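Could you build all of it, start to finish, from the sequences and the hints given here?
Sequence lines, in order, name chains A and B. For the first sequence, the numbering used here gives the first residue as 593, with consecutive numbering after it. For the second sequence, the numbering used here gives the first residue as 12, with consecutive numbering after it.
FYI, nobody ran anything at the bench for these hints, they're computed from the structure. Here the structure is a predicted model, which means the values were calculated and not measured. Heads up, the beta-carbon is just placed ideally off N, CA and C, and yes, glycines get one too. Mixed in with the good hints there might be a few duds.
Claimed, not checked - Derived contacts from chain B toward chain A, CB cut-off under 7 Å, selection only:
{"hint": "1", "residue": "P53"}
{"hint": "2", "residue": "G112"}
{"hint": "3", "residue": "F117"}
Stated by the list, open to error - In silico lysine-lysine, BS3-like type, Cα no more than 30 Å apart, as pairs:
{"hint": "4", "chain 1": "B", "residue 1": "K49", "chain 2": "A", "residue 2": "K614"}
{"hint": "5", "chain 1": "B", "residue 1": "K51", "chain 2": "A", "residue 2": "K689"}
{"hint": "6", "chain 1": "B", "residue 1": "K52", "chain 2": "A", "residue 2": "K649"}
{"hint": "7", "chain 1": "A", "residue 1": "K629", "chain 2": "B", "residue 2": "K52"}
{"hint": "8", "chain 1": "A", "residue 1": "K634", "chain 2": "B", "residue 2": "K49"}
{"hint": "9", "chain 1": "A", "residue 1": "K689", "chain 2": "B", "residue 2": "K29"}
{"hint": "10", "chain 1": "B", "residue 1": "K47", "chain 2": "A", "residue 2": "K634"}
{"hint": "11", "chain 1": "A", "residue 1": "K614", "chain 2": "B", "residue 2": "K47"}
{"hint": "12", "chain 1": "B", "residue 1": "K51", "chain 2": "A", "residue 2": "K614"}
{"hint": "13", "chain 1": "A", "residue 1": "K629", "chain 2": "B", "residue 2": "K49"}
{"hint": "14", "chain 1": "A", "residue 1": "K629", "chain 2": "B", "residue 2": "K33"}
{"hint": "15", "chain 1": "A", "residue 1": "K650", "chain 2": "A", "residue 2": "K634"}
{"hint": "16", "chain 1": "A", "residue 1": "K634", "chain 2": "B", "residue 2": "K52"}
{"hint": "17", "chain 1": "A", "residue 1": "K689", "chain 2": "B", "residue 2": "K52"}
{"hint": "18", "chain 1": "B", "residue 1": "K51", "chain 2": "A", "residue 2": "K650"}
{"hint": "19", "chain 1": "B", "residue 1": "K51", "chain 2": "A", "residue 2": "K629"}
{"hint": "20", "chain 1": "A", "residue 1": "K634", "chain 2": "B", "residue 2": "K20"}
{"hint": "21", "chain 1": "B", "residue 1": "K64", "chain 2": "A", "residue 2": "K689"}
{"hint": "22", "chain 1": "B", "residue 1": "K51", "chain 2": "A", "residue 2": "K649"}
{"hint": "23", "chain 1": "A", "residue 1": "K663", "chain 2": "B", "residue 2": "K47"}
{"hint": "24", "chain 1": "A", "residue 1": "K663", "chain 2": "B", "residue 2": "K52"}
{"hint": "25", "chain 1": "A", "residue 1": "K660", "chain 2": "B", "residue 2": "K52"}
{"hint": "26", "chain 1": "A", "residue 1": "K634", "chain 2": "B", "residue 2": "K30"}
{"hint": "27", "chain 1": "A", "residue 1": "K629", "chain 2": "B", "residue 2": "K20"}
{"hint": "28", "chain 1": "A", "residue 1": "K689", "chain 2": "B", "residue 2": "K47"}
{"hint": "29", "chain 1": "B", "residue 1": "K51", "chain 2": "A", "residue 2": "K660"}
{"hint": "30", "chain 1": "B", "residue 1": "K49", "chain 2": "A", "residue 2": "K663"}
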Amino acid sequence: GENVEQHPSTLSVQEGDSAVIKCTYSDSASNYFPWYKQELGKRPQLIIDIRSNVGEKKDQRIAVTLNKTAKHFSLHITETQPEDSAVYFCAASTDYKLSFGAGTTVTVRA
Amino acid sequence: DTEVTQTPKHLVMGMTNKKSLKCEQHMGHRAMYWYKQKAKKPPELMFVYSYEKLSINESVPSRFSPECPNSSLLNLHLHALQPEDSALYLCASSPGTANLGYGYTFGSGTRLTVV
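Listed below in structure tokens is the structure:
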């Protein structure tokens, strides 16, 4: 089955700096790569996603890049704000299943 | 309505109790899912229903029993749980089980505590 690895496990950044989270996947058939943000006690919230026919996607301060050849994808958050503090999960999808990375706890220091 | 509604939001149950979690969606989605999530860990898939039939059971213990009475409703029946089953239980739905990139939606979850 699909195996998704996510790094780093924790990330502390100064407010206003950028944050980058990287994921690798194993199944070349994966075709959908969402990123979720989860605040304490709340549901995972989809913040951005990318499909396998696209290399990069941007939405305001958030961007995702996908390298199908290397089987890795990354989340970039620019101009970080305290409200960006949360756990972030990457995922890769084939057929019925979302396979999640282990998560990255992001702390934005004011 | 673009939401997946889960009830109750919180549940405390004893190890000998029987309780049920409920999940409802009115988006016309034909695939529904149960996940278990421990704190700061990723969601773990438990069950997949497709067109009201159980299509995937990820080797979940029999003390968890899913049920899909109709296309909008998904239940998870709980019996003889252990304290380690305490977790956030998430329901999700999608239009189908293929091409999950379109409309995959999580519910807000039920926080379960087993005492």
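Quick rundown of the hints versus the structure:
no.: 1; hint: P53; result: holds (3 Å)
no.: 2; hint: G112; result: holds (4 Å)
no.: 3; hint: F117; result: holds (5 Å)
no.: 4; hint: K49/B / K614/A; result: holds (22 Å)
no.: 5; hint: K51/B / K689/A; result: holds (20 Å)
no.: 6; hint: K52/B / K649/A; result: holds (26 Å)
no.: 7; hint: K629/A / K52/B; result: holds (12 Å)
no.: 8; hint: K634/A / K49/B; result: holds (12 Å)
no.: 9; hint: K689/A / K29/B; result: holds (29 Å)
no.: 10; hint: K47/B / K634/A; result: holds (13 Å)
no.: 11; hint: K614/A / K47/B; result: holds (24 Å)
no.: 12; hint: K51/B / K614/A; result: holds (17 Å)
no.: 13; hint: K629/A / K49/B; result: holds (15 Å)
no.: 14; hint: K629/A / K33/B; result: holds (24 Å)
no.: 15; hint: K650/A / K634/A; result: holds (25 Å)
no.: 16; hint: K634/A / K52/B; result: holds (13 Å)
no.: 17; hint: K689/A / K52/B; result: holds (17 Å)
no.: 18; hint: K51/B / K650/A; result: holds (26 Å)
no.: 19; hint: K51/B / K629/A; result: holds (11 Å)
no.: 20; hint: K634/A / K20/B; result: holds (11 Å)
no.: 21; hint: K64/B / K689/A; result: holds (16 Å)
no.: 22; hint: K51/B / K649/A; result: holds (26 Å)
no.: 23; hint: K663/A / K47/B; result: holds (27 Å)
no.: 24; hint: K663/A / K52/B; result: holds (23 Å)
no.: 25; hint: K660/A / K52/B; result: holds (26 Å)
no.: 26; hint: K634/A / K30/B; result: holds (22 Å)
no.: 27; hint: K629/A / K20/B; result: holds (20 Å)
no.: 28; hint: K689/A / K47/B; result: holds (14 Å)
no.: 29; hint: K51/B / K660/A; result: holds (28 Å)
no.: 30; hint: K49/B / K663/A; result: holds (27 Å)
Checked against the numbered hints above, the structure breaks none of them.
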